[in-house]
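Participant: Sequence:
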Amino acid sequence: MYAVIKTGGKQYRVSEGDRIRVEKLAGDVGTELTFDEVLMLGGDKVSVGAPLVSGASVKAKIVAQDRAKKVIVFKYKRRKNYRKKYGHRQPFTEIEITGVSA
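Start counting at 1 in the sequence shown, then tack on 2, and there's your number in this note's numbering.
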């Protein structure tokens with residue numbers, strides 16, 4: 003059984019045992035989370051919400067709180083002696099899906 007959940011402005015297709023990286027969520031490592039914004043449940047019988055599936059939830063556990071690899075941003079304008087360089091590391095939360103319930 004799988005589900006499509008919405009968190010951090012994005013949608014993820016998850017099933018039990020999956021480990022995914024989502025936008026940063028509040029909580030320490032080991033904290034249990036429940037996602038109530040389930041857009042679709044799939045498996046032998048598919049149910050699509052309008053916009054949410056009522057009564058469905060996905061349980062997860064926080065595995066890690068970290069930051070992604072550095073992305074270098076370099077701005078340059080030719081012939082103007084203009085150069086700007088800075089980096090960005092996006093914070094993320096890695097979660098493990100422990101259960102999908104209808």
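Hints were generated in silico from the structure; no laboratory data involved.
Using N, Cα and C, we set each Cβ at its ideal position, and we do this for glycine too.
It is possible that some hints are incorrect.
As a list, the in silico BS3-like pairs of lysine-lysine whose alpha-carbon atoms are at most 30 angstroms apart [as the list claims (entries may be wrong)]:
(1) Lys8 / Lys26
(2) Lys26 / Lys79
(3) Lys12 / Lys72
(4) Lys8 / Lys63
Cβ-Cβ distance ranges computed for the label pairs, FRET-style [to be verified]:
(5) Asn83 / Gly32: 45 to 53 angstroms
(6) Arg85 / Gln13: 12 to 20 angstroms
(7) Arg69 / Asp20: 16 to 24 angstroms
(8) Thr36 / Arg81: 53 to 61 angstroms
(9) Tyr88 / Thr33: 30 to 38 angstroms
(10) Met3 / Ala66: 48 to 56 angstroms
(11) Asp20 / Phe76: 33 to 41 angstroms
(12) Lys82 / Glu34: 24 to 32 angstroms
(13) Pro93 / Ser56: 18 to 26 angstroms
(14) Met3 / Arg80: 29 to 37 angstroms
Participant: Evaluate each hint against the coordinates.
Facilitator: Hints, one by one, checked against the model:
Restraint check for Lys8 and Lys26: the C-alpha separation of about 13 angstroms stays at or below 30 angstroms, so the hint holds. The suggested pairing of Lys26 with Lys79 is violated, with an alpha-carbon distance near 34 angstroms, which exceeds 30 angstroms. Distance hint between Lys12 and Lys72 is fulfilled; the C-alpha atoms sit about 21 angstroms from each other, no more than 30 angstroms. Between Lys8 and Lys63 the CA atoms are separated by roughly 16 angstroms; this keeps the pair inside 30 angstroms, and the hint holds.
Roughly 52 angstroms separates the CB atoms of Asn83 and Gly32, a value that falls within the hinted 45 to 53 angstroms. Range check, Arg85 to Gln13: Cβ separation about 38 angstroms, and the 12 to 20 angstroms hint is violated. Between Arg69 and Asp20 the C-beta distance comes to about 21 angstroms, which sits within the given range of 16 to 24 angstroms. For the hinted restraint 53 to 61 angstroms between Thr36 and Arg81, the CB-CB distance of approximately 56 angstroms keeps it satisfied.
Judged by the Cβ atoms, the range 30 to 38 angstroms given for Tyr88 and Thr33 holds: they are separated by roughly 32 angstroms. Here the CB-CB span from Met3 to Ala66 is close to 25 angstroms, at odds with the stated 48 to 56 angstroms. The supplied range of 33 to 41 angstroms is met by Asp20 and Phe76, whose beta-carbon atoms lie about 35 angstroms from each other. Roughly 54 angstroms separates the CB atoms of Lys82 and Glu34, a value that falls outside the hinted 24 to 32 angstroms.
Pro93 and Ser56 have their C-beta atoms about 32 angstroms apart, which leaves the hinted 18 to 26 angstroms range violated. A hinted range of 29 to 37 angstroms is violated for the C-beta pair Met3 and Arg80, which are about 55 angstroms apart.
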